[in-house]
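**Student:** Sequence:
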Amino acid sequence: MLSSFAVIPPELIDTYFEAVHPHFPLLHKSSFYARLNDRNATHSLILLNAMCAVAAIWHRPPLATPGAPGIQFYQRAFYLIDDYADTPRISTIQALLLLIKYQEYHRRPGFFCRPSLYMQMVVQMWNDLGPIYPPKYTTDLIELEVGKRTFWMAYVYDMMMSVEQGREPGFTDVDFTIEDPPINTEEDAVEQTIIDHHRWMFQLAKILGSTLKFVRLMAGRRKPSVQRSKRQILEENTRFLTCRVNLDNFLQSLPSSLVYMPSNCEPSYPAAKATFSSPFAAFLHMTYHLAVILLHRPYTMYPLIQLQELDASYPHREICAASASHITNIVSDFVGQADPQQFMRCIRGAQHTIHCLTTAITVHSSLMNTSDPMVSKEQYELTLSLLRDIAMESPSLEFQTRFKDAELT
0 MLSSFAVIPP
10 ELIDTYFEAV
20 HPHFPLLHKS
30 SFYARLNDRN
40 ATHSLILLNA
50 MCAVAAIWHR
60 PPLATPGAPG
70 IQFYQRAFYL
80 IDDYADTPRI
90 STIQALLLLI
100 KYQEYHRRPG
110 FFCRPSLYMQ
120 MVVQMWNDLG
130 PIYPPKYTTD
140 LIELEVGKRT
150 FWMAYVYDMM
160 MSVEQGREPG
170 FTDVDFTIED
180 PPINTEEDAV
190 EQTIIDHHRW
200 MFQLAKILGS
210 TLKFVRLMAG
220 RRKPSVQRSK
230 RQILEENTRF
240 LTCRVNLDNF
250 LQSLPSSLVY
260 MPSNCEPSYP
270 AAKATFSSPF
280 AAFLHMTYHL
290 AVILLHRPYT
300 MYPLIQLQEL
310 DASYPHREIC
320 AASASHITNI
330 VSDFVGQADP
340 QQFMRCIRGA
350 QHTIHCLTTA
360 ITVHSSLMNT
370 SDPMVSKEQY
380 ELTLSLLRDI
390 AMESPSLEFQ
400 TRFKDAELT
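So in numbering that gives the first Met the number 0 the end of the sequence shown lands on 408, straight run, no missing numbers.
Keep in mind the hints are simulated off the structure, nothing from the lab. Beta carbons are placed, not taken as given, at the ideal position from N, Cα and C, and that holds for glycine. A portion of the hints provided could be inaccurate.
Computed list of lysine to aspartate or glutamate pairs in EDC-like fashion (alpha-carbon distance at most 20 Å, straight line) [as the list claims (entries may be wrong)]: (1) LYS222 x GLU235; (2) LYS28 x ASP187; (3) LYS212 x ASP139; (4) LYS205 x ASP139; (5) LYS28 x GLU17; (6) LYS28 x GLU10; (7) LYS28 x ASP127; (8) LYS28 x GLU163; (9) LYS28 x ASP195; (10) LYS147 x ASP127; (11) LYS205 x GLU144; (12) LYS376 x GLU392; (13) LYS272 x GLU377; (14) LYS212 x GLU234; (15) LYS28 x ASP13; (16) LYS28 x GLU234.
What follows is a set of in silico ranges between Cβ atoms, one per label pair, in the way DEER data are often shown [what the hints assert, rightly or not]: (17) GLN74 x LYS229: 50 to 60 Å; (18) GLN123 x ALA218: 47 to 57 Å; (19) GLN123 x SER228: 31 to 41 Å; (20) GLY165 x VAL6: 15 to 25 Å; (21) GLU234 x ASN36: 26 to 36 Å; (22) VAL258 x PRO223: 43 to 53 Å.
Take the sequences, apply the hints, and build the full model.
**Tutor:** Structural data, given as structure tokens:
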């Protein structure tokens with residue numbers, strides 16, 4: 000049964016491209032359908048079952064199958080992992096990423112463990128592909144494009160999970176010569192917009208990755224037993240400025256369709272509000288402000304040693320406060336104006352939103368002993384209320400339990 004192509008419902012493939020693909024563009028839609036309808040083509044059954052597992056979450060009306068939506072397809076894909084682990088394939092990496100995606104919807108114990116295990120397999124399989132991918136001289140431009148999409152989606156996931164869990168990323172030495180996926184003018188306007196938007200997400204992931212690498216390096220040097228040299232202090236100032244300039248340039252380069260004007264304003268607390276153009280724009284700016292806090296918050300506790308040779312002075316506390324307020328405002332406006340489940344469709348699902356909110360509430364809490372505690376208390380309580388609502392969407396039963404226990408104490 001597992002090896003049969005006939006058990007793949009075509010309506011779930013359609014649902015996948017309607018509900019999942021716009022938020023998770025791994026595949027090239029037109030060429031995928033062409034291959035699917037080619038009787039002589041071979042198909043990756045692990046990928047097809049993984050696609051159906053995620054699509055079943057959003058399929059309406061729900062399929063009349065026992066168990067949680069999509070669980071049968073997930074189990075089929077899981078059982079096929081060993082068969083497809085014989086050699087590294089892009090399609091198998093795509094399937095593993097979709098199995099990670101499925102965890103974001105299927106609520107059960109062990110949420111943080113399973114995606115990490117799958118991501119280790121993704122990283123290892125990509126490393127096994129080595130210099131043969133992406134092929135430099137391929138004549139199949141679609142194959143090259145799909146490979147780029149797959150790599151950058153895997154990289155985004157790895158960075159988000161690493162920041163959230165405080166671990167070293169799997170992709171530590173990334174070959175940034177792998178270009179972003181190009182916009183294929185042969186695709187329709189909707190497909191072109193999807194890829195164009197996610198190119199900006201990939202750009203932000205690069206900055207998030209370099210910022211995380213810098214923050215981890217500096218954390219190791221702040222140990223009491225470590226005496227830093229002037230060269231190391233200069234390096235810290237230089238790398239800090241590089242990360243900060245990269246964030247600023249990213250924000251200034253965004254197209255009008257992805258601009259959120261309050262992000263461009265001078266830091267204020269509480270931050271200014273505005274409506275956003277799309278759920279993706281909200282998701283992008285929420286992640287941007289997470290990166291800002293990741294970079295600046297260590298310097299609210301460990302001030303950056305200034306050098307005459309380089310001016311790297313920033314109001315770190317004010318910047319963190321403003322970004323925390325932006326995150327709170329973005330999620331609050333989104334929950335009030337749109338379907339909250341839209342966040343579940345984005346990369347890393349509801350858990351990424353929860354991570355951003357917990358980062359924001361940590362900043363709000365630290366500001367409650369400052370000169371204006373009323374504002375920080377209001378921001379804290381608003382963020383806590385949002386967390387209370389979105390915690391019920393978390394795929395982690397452990398997180399839900401601990402959140403409820405924390406409220407009772």
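**Student:** Each hint: holds or not?
**Tutor:** So, going through the hints one by one against the coordinates:
Between the alpha carbons of LYS222 and GLU235 the distance comes to roughly 15 Å, so the proposed pair stays at or under 20 Å and holds. The suggested pairing of LYS28 with ASP187 holds, with an alpha-carbon distance near 10 Å, which does not exceed 20 Å. Taken as a hint, the LYS212 and ASP139 pair is broken in the structure, with Cα atoms around 35 Å apart against an allowance of 20 Å. Between LYS205 and ASP139 the CA atoms are separated by roughly 26 Å; this puts the pair beyond 20 Å, and the hint is violated.
Distance check on the hinted pair: LYS28 and GLU17 sit about 11 Å apart at the alpha-carbon level, within 20 Å; holds. Taken as a hint, the LYS28 and GLU10 pair is honoured in the structure, with Cα atoms around 15 Å apart against an allowance of 20 Å. The suggested pairing of LYS28 with ASP127 is violated, with an alpha-carbon distance near 26 Å, which exceeds 20 Å. As the CA atoms of LYS28 and GLU163 are separated by approximately 31 Å, the hinted pair breaks the 20 Å bound.
The straight-line distance between the Cα atoms of LYS28 and ASP195 is roughly 15 Å, inside the 20 Å bound, and the hint therefore holds. For a cut-off of 20 Å, the pair hint linking LYS147 to ASP127 stands: about 16 Å separates their Cα positions. Between LYS205 and GLU144, the direct Cα distance comes to roughly 18 Å. Compliance with the 20 Å bound is thereby established for this hinted pair. Straight-line distance between C-alpha atoms of LYS376 and GLU392 comes to about 25 Å, which puts the hinted pair past the 20 Å bound.
A distance of roughly 15 Å separates the Cα atoms of LYS272 and GLU377; the hinted pair therefore holds under the 20 Å criterion. With a C-alpha separation of about 14 Å, the suggested pairing of LYS212 with GLU234 holds against the 20 Å cut-off. Our distance criterion of 20 Å between C-alpha atoms is met by LYS28 and ASP13, whose separation comes to about 10 Å. Distance hint between LYS28 and GLU234 is unfulfilled; the C-alpha atoms sit about 45 Å from each other, more than 20 Å.
Judged by the Cβ atoms, the range 50 to 60 Å given for GLN74 and LYS229 holds: they are separated by roughly 58 Å. Between GLN123 and ALA218 the beta carbons are some 26 Å apart, a value that contradicts the proposed interval 47 to 57 Å. Checking the proposed 31 to 41 Å range against GLN123 and SER228 shows it holds: the Cβ atoms sit about 37 Å from each other. A hinted range of 15 to 25 Å is violated for the C-beta pair GLY165 and VAL6, which are about 41 Å apart.
Take GLU234 and ASN36: their Cβ atoms lie about 56 Å apart, and the range 26 to 36 Å is violated. For the hinted restraint 43 to 53 Å between VAL258 and PRO223, the CB-CB distance of approximately 44 Å keeps it satisfied.
Checked against the numbered hints given earlier, the structure breaks hints 3, 4, 7, 8, 12, 16, 18, 20, 21 and satisfies all the rest.
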